[in-house]
Structures are given as C-alpha cells and as structure tokens.
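Trainee: Working from the sequences, and respecting the hints, build out all of it.
There are 4 protein chains.
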Amino acid sequence: MPISALKGDLVTANHILFQQGVLDAFGHVSVRDPDRPDRFHMSRALAPGLVTVEDIVELDFDGAAVRPVRGSLYVERYIHCEIYRLRPDVQSIVHSHSPTVIPFGISQVELKPVYHRAYFLGQGVPVFEIRDVAGARNNMLVNDQTRGQALAQVLGKGNVSLLRGHGNVVVGPNIRTAVTRAIETEVNAKLQLQAVMLGGPINYLSAEEAETLGAELARTQPSDKRGADRVWDVLKQQAEAARRLLQGT
Amino acid sequence: MPISALKGDLVTANHILFQQGVLDAFGHVSVRDPDRPDRFHMSRALAPGLVTVEDIVELDFDGAAVRPVRGSLYVERYIHCEIYRLRPDVQSIVHSHSPTVIPFGISQVELKPVYHRAYFLGQGVPVFEIRDVAGARNNMLVNDQTRGQALAQVLGKGNVSLLRGHGNVVVGPNIRTAVTRAIETEVNAKLQLQAVMLGGPINYLSAEEAETLGAELARTQPSDKRGADRVWDVLKQQAEAARRLLQGT
Amino acid sequence: MPISALKGDLVTANHILFQQGVLDAFGHVSVRDPDRPDRFHMSRALAPGLVTVEDIVELDFDGAAVRPVRGSLYVERYIHCEIYRLRPDVQSIVHSHSPTVIPFGISQVELKPVYHRAYFLGQGVPVFEIRDVAGARNNMLVNDQTRGQALAQVLGKGNVSLLRGHGNVVVGPNIRTAVTRAIETEVNAKLQLQAVMLGGPINYLSAEEAETLGAELARTQPSDKRGADRVWDVLKQQAEAARRLLQGT
Amino acid sequence: MPISALKGDLVTANHILFQQGVLDAFGHVSVRDPDRPDRFHMSRALAPGLVTVEDIVELDFDGAAVRPVRGSLYVERYIHCEIYRLRPDVQSIVHSHSPTVIPFGISQVELKPVYHRAYFLGQGVPVFEIRDVAGARNNMLVNDQTRGQALAQVLGKGNVSLLRGHGNVVVGPNIRTAVTRAIETEVNAKLQLQAVMLGGPINYLSAEEAETLGAELARTQPSDKRGADRVWDVLKQQAEAARRLLQGT
Chain Z
2 MPISALKGDL
12 VTANHILFQQ
22 GVLDAFGHVS
32 VRDPDRPDRF
42 HMSRALAPGL
52 VTVEDIVELD
62 FDGAAVRPVR
72 GSLYVERYIH
82 CEIYRLRPDV
92 QSIVHSHSPT
102 VIPFGISQVE
112 LKPVYHRAYF
122 LGQGVPVFEI
132 RDVAGARNNM
142 LVNDQTRGQA
152 LAQVLGKGNV
162 SLLRGHGNVV
172 VGPNIRTAVT
182 RAIETEVNAK
192 LQLQAVMLGG
202 PINYLSAEEA
212 ETLGAELART
222 QPSDKRGADR
232 VWDVLKQQAE
242 AARRLLQGT
Chain Y
2 MPISALKGDL
12 VTANHILFQQ
22 GVLDAFGHVS
32 VRDPDRPDRF
42 HMSRALAPGL
52 VTVEDIVELD
62 FDGAAVRPVR
72 GSLYVERYIH
82 CEIYRLRPDV
92 QSIVHSHSPT
102 VIPFGISQVE
112 LKPVYHRAYF
122 LGQGVPVFEI
132 RDVAGARNNM
142 LVNDQTRGQA
152 LAQVLGKGNV
162 SLLRGHGNVV
172 VGPNIRTAVT
182 RAIETEVNAK
192 LQLQAVMLGG
202 PINYLSAEEA
212 ETLGAELART
222 QPSDKRGADR
232 VWDVLKQQAE
242 AARRLLQGT
Chain L
2 MPISALKGDL
12 VTANHILFQQ
22 GVLDAFGHVS
32 VRDPDRPDRF
42 HMSRALAPGL
52 VTVEDIVELD
62 FDGAAVRPVR
72 GSLYVERYIH
82 CEIYRLRPDV
92 QSIVHSHSPT
102 VIPFGISQVE
112 LKPVYHRAYF
122 LGQGVPVFEI
132 RDVAGARNNM
142 LVNDQTRGQA
152 LAQVLGKGNV
162 SLLRGHGNVV
172 VGPNIRTAVT
182 RAIETEVNAK
192 LQLQAVMLGG
202 PINYLSAEEA
212 ETLGAELART
222 QPSDKRGADR
232 VWDVLKQQAE
242 AARRLLQGT
Chain E
2 MPISALKGDL
12 VTANHILFQQ
22 GVLDAFGHVS
32 VRDPDRPDRF
42 HMSRALAPGL
52 VTVEDIVELD
62 FDGAAVRPVR
72 GSLYVERYIH
82 CEIYRLRPDV
92 QSIVHSHSPT
102 VIPFGISQVE
112 LKPVYHRAYF
122 LGQGVPVFEI
132 RDVAGARNNM
142 LVNDQTRGQA
152 LAQVLGKGNV
162 SLLRGHGNVV
172 VGPNIRTAVT
182 RAIETEVNAK
192 LQLQAVMLGG
202 PINYLSAEEA
212 ETLGAELART
222 QPSDKRGADR
232 VWDVLKQQAE
242 AARRLLQGT
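Chains as they are written, first to last, in my numbering: chain Z, 2 to 250; chain Y, 2 to 250; chain L, 2 to 250; chain E, 2 to 250.
No lab work stands behind these hints, which were simulated from the structure alone.
Source: prediction; values computed, not measured.
There could be a bad hint or two in this list.
What the hints assert, rightly or not - Take a look, some chain Y residues computed to stay more than 12 Å from chain L by CB distance: (1) 64; (2) 72; (3) 90; (4) 127; (5) 132; (6) 133; (7) 137; (8) 197; (9) 238.
To be verified - Result set (DSS-like, lysine-lysine): computed pairs, CA atoms no more than 30 Å apart in a straight line: (10) 237/L - 191/L; (11) 237/E - 237/Z; (12) 113/Z - 113/E; (13) 191/L - 113/Y; (14) 113/Z - 191/Z; (15) 237/Y - 8/Y; (16) 237/Z - 113/Y; (17) 191/E - 237/E; (18) 113/Z - 113/Y; (19) 191/E - 113/Y; (20) 191/L - 113/Z; (21) 8/L - 237/Y.
Claimed, not checked - If you anchor each label on the Cβ, the simulated ranges turn out as follows: (22) 2/Z - 3/E: 48 to 56 Å; (23) 136/L - 22/Z: 46 to 54 Å; (24) 133/L - 154/Y: 38 to 46 Å; (25) 61/Y - 67/Z: 55 to 63 Å; (26) 209/Z - 133/E: 55 to 63 Å; (27) 37/L - 125/Y: 44 to 52 Å; (28) 2/Z - 246/E: 30 to 38 Å; (29) 248/Y - 136/E: 58 to 66 Å; (30) 37/L - 4/E: 52 to 60 Å; (31) 208/E - 200/L: 20 to 28 Å; (32) 200/L - 109/Y: 40 to 48 Å; (33) 212/L - 86/E: 30 to 38 Å; (34) 89/Z - 111/Y: 43 to 51 Å.
A virtual CB, placed ideally from N, CA and C, is assigned to each residue, including glycine.
Mentor: Dropping the structure here:
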C-alpha cells in the first residue's frame, strides 16, 4: 500500500477506534513508514475522533518530528518509538484506554483468549508496571525513552501488553490487523469477565489452538488481510456514518 | 412464502442480526429452499451488514454452489449443510458469535431458559467441543463435513447448541422464528448471567412450562408466525433505519 | 386531562417505553378512563413502538372491547382488568419484560429501593408465582381472569410486582408517573445488582425515607405531576427523535 | 473567560453531561461568577438536556436569585451555595445521579482511583450520610442550608463526595475540568466495579501517583486546561450532534 493510501487508512483507523469506544479523547494509533522503516506516522496531539490527514506527522525513533509541526506531539509517542525499534515485524501500533481491558491490569486474573477471534492473545499478555522503571513517585505516563524501552521489553514478542492503571498497547503486522486486534482485545476482555462471573474453571483457547488458527490465517490470508478487510469495510462504514452525524453533514 | 420473498427475508435477516449485535462482521444465516429441500440459500462470504440480494447463493449439502459465485463462500457453510441434512424439520439456521452466549460455552453454568420468551431453550443447550472431532491441534473452525456432522449430532433434536470458545448455532421452523430465537438466546444469556450474579438457586422455567408454552405457540401461531411477525416488523424497521444512517441515504 | 389528550399521552407512553428499552416488541401500557372508571384504554395487540392513536381501544373489566376492533387484543389484558378492579387509586398500568428486573424474580435477592428516585418501591415488591394459580403445567401467561385476580392480589397495595420468569407490572396515580416508575424500576434494578456485586451489607433506602419522600412528592406535586412532567418532556423528545429516525422522516 | 462565554460553556456543560448519561432529567451544574466570587450561575429548575442560555440564573449563597426568575429554582441549589462558600478554590460544581457511582455509596467498597485519568479521586471520596444531619425520617434531598453545609463539610478538601442512596457531587478549578471529572468519576466506577468482579486485591493508583500526576497537570496545563480542552472539543461535538437529532434540525 503506497504511503498516501496508508495515511488514509491511518485517519480511518483513528475514527474507527473512536467510534468503537476503544479510543476516547486520548490514545493513539500509528503506522510504520513502508519505505523508511526507521520512521512512523501518527497524528499530532489531538482527540482521535477529530484527526484529519493534515494532522498526520512523520516521526523518528527519538520521538522527533521530521518536519515542523503545527501544535504539539503526543507525550507518550515513545511507546511507538521503542516498540518499532525493538520489533521489526511490527508495522502498526495502537495505544488505548480500552475500558474493559484496564481491570485485567489491576486485579488477579490474567487476560487470556476465550474465543477464536482473540487467538493473538495466545502468546501471553504481560502487564507493564511503571513503578519498576519510574519508581513509586511516577506520573503514570510513558513519556520518555527509558519508559518506552521498558514497556517494549515487557511486550517482548507478544501482541498485547497491559499498562497497569492506564491502558494497553496492541501491535500488528499491518494497520488493519492492529485495529481489528485492538477491538477484539476489548471484546475478549468483556467475554472473559462474564465467564469469570459465571464461575470457573474456564475452558480457555489452548496454546495449540491459538497457534494453529494464527498460523492458518497467516498462510491463507497474506498479512491476515482477508479477515481484517472484511471487518475493516464494516467498521469504516460505521465510522463514516458516525462522523456524518457528528459533523451534521 | 415464494423463494423471491424468502430471499428478501434472508437479506433482512442479515441486517437485523447485525443491527441487533447478534452478528458482527462474521456469522451467517441461511434458509432451506422451499421447493428443493436438499438445497439452501445464504450470502457469499461477506459481512452480514453489507449483504444484498445479489449476494445470495444457492448451495447443496456438500457445500457446493449450484451456480458460479462471485467471490468466495463462507468456510463454515458445513454447519448449515449437515444440520439441514440431519433435521428435516429445520428450515432456517443462524450461526453467530453472539457475545453474552459465548461465556456459557467456556464456564460452568449451563444455558437454561430464565424467562418465557426463551422457552425454546427448554430442550437443553448442549456444548459442542471441537477437540472431540478435530483433536487438540485444531483451528477452531467448523470448516469441513466431518466437523459439521459432529456439530449436528451434538445439536440433536434441540434448537440451540453452543460452540466452545467460538459462538452458537440456532435453528427454527422458519426464518423469522430462527432470527427471533437467535436474539432471544442472547437476551436469555444476559438475564441468566445477572441472576447468577444476584445469587441462586435460580428459579428456571420448568421443562413443563417450556413445553406447554412451546406447544401452545405451535398450535395458535402456525409455525410460531404471529409472535415472530410482531417482532419481525419492529426489528425490520430498526434495521432499515440503521442502514439509512450507515449508507447516508 | 381530557380523554383525547390522555390518548395522546398513551401513544407517547408506548413510544417512550419502547425507546427506553422497558418495552420491546411485547408488553403494554394502559390508562383508566377518567369519566368511566370501570373502563380503560390500551392499544390493540401491536408492538408498542408501532402504536398510533388509531390503535387505541377501550376495554371493560371483563377484557371485552367496547367497540369493534381491527385485529386482536393483547392476550394478557386481564392484568389490567383485575388491577383496575381491585385498586380504585390506580389510574395507569405498565406491564413489561424490562430486562434487569427479571433476574430479581428468579433469584434470591429482593428488589428494594437503593436510591431516592425509586422511593415507590419502599412498600415492598412481591413476586407473583404463576404456578400457585395455574399449576405446574402452565403457559407462563396471565391470560385469563383467574390469573389476573391472583396477580392483583399479590400486588396488593404496592406499586410494583414481579412476575417470575416473565416480567413485572407497575402502577401509578397517573400515566406519566406510571411511565416514570417503570423506567426507574429498571434503573433501580441495575443499581441494586451492581451494589450486590460490590458486596454488602447494602444501605437501602429505609422505609421511613421512602415514605417521607413519597408523602412530600404527593403533597408538593399534585399527583406527583411536577417531577413526572420534567422527566416526561425529556423522554418525549427522545422518543420522537427515535421515531423520526425509525420512520426516515 | 468573560461571563458571556462562561454561560455558553455552562449551557454546553448541561448538554454534554446529559448526552454522556451523567445527568438524566435531574442533576445540575454550576459555575462561580468570575467577577463576583460570592455568586454563581446555574439553570432554573429544568431538565439539563433542555437548558438554553435564557434559563441561566444568577444566585447568591443564600440560594436566592439575584434577578426575577421565570419558573422555579432547583430545590437542591444549597449544595452549590455551601460548597462555594467553604471552598474558594472551587469554580464549578456538578451534582448528578451518575449511575455506576451510586452503588459505591451504599455498599462496602470505597470508590478509589483505578486508572490515571481519575487521579483526582486520590484525595479520598467520602460518603455523605444524610441521616447524620437530617435524622432517620428525612426526604433524601439536600434542600436547605443546614444540609448543604453538612455536605460541604464531608467533602472537605476533596474533589468528589458521594451522597448515600442519591448521587454524587464533583468540583473543579474550572467548568471544563469539573465536567471532565464528573464523566471520569463514572468511568472509574465502572472500571473499579469490574476489577472487584474479577477478584482482588486490586492494584489502585497509589497516593503518590495520584499526587504526582495531579501536580504535573496543574503545572503544565494551567487550570488543567489543555487536557480538559481536548476532551471538551470532542464532548461538545457529540452533544451538539445529539441535540440536532433530538430537535430534528
């Protein structure tokens, strides 16, 4: 996908994640530059629901904008810098305060896949504890390189990491898959919470099942594109309808 | 109902089940052909919210399309093939990832009718465990004849079966009843979950009550049509309004 | 309020209760005739969201329509007949499947007022068990005079009674208050469920508080009209907006 | 901000809090007059969703309107009078029946910050028990000076206080922050309830973290304005869209 089309998807990703309730007035989504793998694109500091293509900026891994920026940058852009640096396979990242996921980072039940669409959680969902890197007197924000590196280390080879008392980060091999995964992570959290409430033991997706489905999707759907596209078309239509209502057009 | 009207209902069923949150970007609904009981109709592989009458295809029980198809077929169409083959009384089938139903397939509480509108659950709601037919290293999908047969066996003479870690399947004597039942299955799951949270023992609909009401509806409402039609009119109006908003028309 | 205005309120009540999710495709609301206290008005058998003033019929306490009716009558109209007969103070009745209320009728926690707006629950919320009047092999419906009388007896002097595995009935001194109470009953059920989940003992509204607030509202707001009107204006606006969307106008 | 702009924000605050489900047909939001710190502005008694700039009235700390008022005043305006009197730092107050917050005032779990956006709860969230000031036979309403004073005393130096069996009160250093906090209080209640359901012990935001983030926001964002403005823009857009739908314009 050429960069101009990718930027269009990035704007749509912001609107979809807002309309789906994964992002609220905060959080951000980014995509790695296809030609310059040491750079990535994301909005300047703005509520995701209001992002337009003019707001997209190009950043390097030090968190610096390549060109002058109108307004300010997200203070937590280091999440993206350090994950892209550590994980060449990652092409897109979502950081959100996705509501039902937060309780899993502060209580005693590990987030695990309870249904097949959340197979990507099968590699484990570690919890990033900011006190470990920033001390007891911290501001809860991943707003510098050291904290970003520590988070990237905790994520490791996984697809999702929780940030205790804050939110989560989801990565993917392309932007549409990352967006779908961010939504499915929220869905899985709701389902798992309800299963816990019904009473366990819970019959989770086994590691073998998660792996088998993941491998098959990677093989039959280059970059998981087919399934992600089917979801994308529906989500985009919903997001655009919501925008028309919001803008009164 | 002539086949052309039935196809219209099938398109509407897709939109209703999407708008009600029973289907998301996945899942499918089908209807048996009234003149050729060894065939059925469903959409080609497409998000249910986007289905139009041009997308409806006719399939035989081997999962083959009777006429050439633009695009691909749902990989899980074997669910429909094998249930229609085993159950001549079934005229319509819904397979969904209906959210609140999934937790009942992975935890320790059996889905049972808690209110009269869910009387059709009274015959029992078995859970299909795909590991039993496809082994530990499976991809979670009912994507061949063997798995479809195993699921149909588990469903037996019932109206609903859960698929562990995946979703559920609901059948009915006509399409409007199947759609209503799919929605009521989700409603019942929500009510039962809340009753469990309040604390039991729970006063379920007795087998006699479920049977008495079911028999009465079958008698007074040919094919459960009257009640289903009252619901259908409302659901259709809602689904059409949602489509206008989505399409900006 | 003259009968013509009252009928307008009755149509609006149907739309409000549907839009608020208290009524779905079933349930009904009625109002006693101001000039003939042995008669009442309700819609013919129709989904509440679709009711117009042409659908309103006048009934006597035997459940017979005073004038010829296009279509059929609600099979559960005897709920209304027998409560109006037993309770001269009641001017309006809502029977619904209001979702969060149902679990309280089948589990082990009594519905009690947890916040001031639900003061009218303070007189107790008995559960009607249809098996007591209709035996084990019953169809769950209050569809004759005997069952209606039994339900009216269980309701007694209260404002709300639950129907086990079915729904609830709410009464009021006028239609706007009855509608508000039906909505507040659902709200209270949600709040109480959450309080139970947090863990008790729960600090309920005391009998004295419920009584004091109820007496004050009855005194300062003739027929509880002022508070009910403030709610009504908002609810009516929402219901009318929903109808425009549904009808595409 | 000049008083005319502030009144515009006050009207918008009413619409936002209604559209977000923090206020229903009841509850109120006020702002202190920037030039006369012994006065404040709020709507006359009206459902918040219907408030226009013509409905804004100016009140003194005895709860008297400075100019003649069309209609009546909120009976619970003393909440605002007494908090403004006791707390010179407070510039805006929201009193609501915000749904998920109510259960925390009647059960056994203290409302505490579970994620960083709710840092302002870190100073503690006391519960106001009206029986302590108004006796067992009370009407649950803070409708005089004595009760208002008692509530203000319980709130103390905090940002939020719960009213047992009634609702909550939230204060802020400006109107946009107060509105954001009222919404975040509801969000935090939902998150905390879910964490309790998953099972503890719960890893709350520590006092040091709440304090550190609060201090940083106060320093980098004069009056917490930057963050609050980003949220405000989104919320205002949503509220205005909802109003267009409600009014059919």
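Trainee: Are all beta-carbon distances from residue 127/Y to chain L longer than 12 Å?
Mentor: Fine: 22 Å to the nearest Cβ keeps residue 127/Y off the interface.
Trainee: Look at the Cβ atoms of residue 89/Z and residue 111/Y and judge whether their distance stays inside 43 to 51 Å.
Mentor: holds (47 Å)
Trainee: Are residue 113/Z and residue 113/E close enough, with their CA atoms no more than 30 Å apart?
Mentor: holds (26 Å)
Trainee: Say whether it holds or is violated: residue 72/Y keeps its Cβ farther than 12 Å from all Cβ of chain L.
Mentor: holds (30 Å)
Trainee: Cβ-Cβ distance between residue 37/L and residue 4/E: within 52 to 60 Å?
Mentor: holds (56 Å)
Trainee: Quick check: does the Cβ-Cβ distance between residue 61/Y and residue 67/Z fall within 55 to 63 Å?
Mentor: Given about 58 Å between the Cβ atoms, the range holds.
Trainee: Within a Cα-Cα threshold of 30 Å, do residue 113/Z and residue 113/Y meet the stated pairing?
Mentor: holds (26 Å)
Trainee: Taking the CB of residue 208/E and the CB of residue 200/L, does the distance hold inside 20 to 28 Å?
Mentor: Given a distance of about 23 Å, which is inside 20 to 28 Å, the answer is holds.
Trainee: Find the nearest Cβ of chain L to the Cβ of residue 197/Y and say whether that gap is larger than 12 Å.
Mentor: Violated: least Cβ distance 8 Å, not greater than 12 Å.
Trainee: Straight-line Cα separation of residue 113/Z and residue 191/Z no greater than 30 Å?
Mentor: Answer holds: residue 113/Z to residue 191/Z is near 11 Å, not above 30 Å.
Trainee: Mind verifying the non-interface call on residue 238/Y? Its CB should be farther than 12 Å from each CB in chain L.
Mentor: violated (5 Å)
Trainee: Below or equal to 30 Å on CA atoms is what counts here, so check residue 237/L against residue 191/L.
Mentor: holds (23 Å)
In this structure, the hints that do not hold are numbers 8, 9, 16, 32, in rising order.
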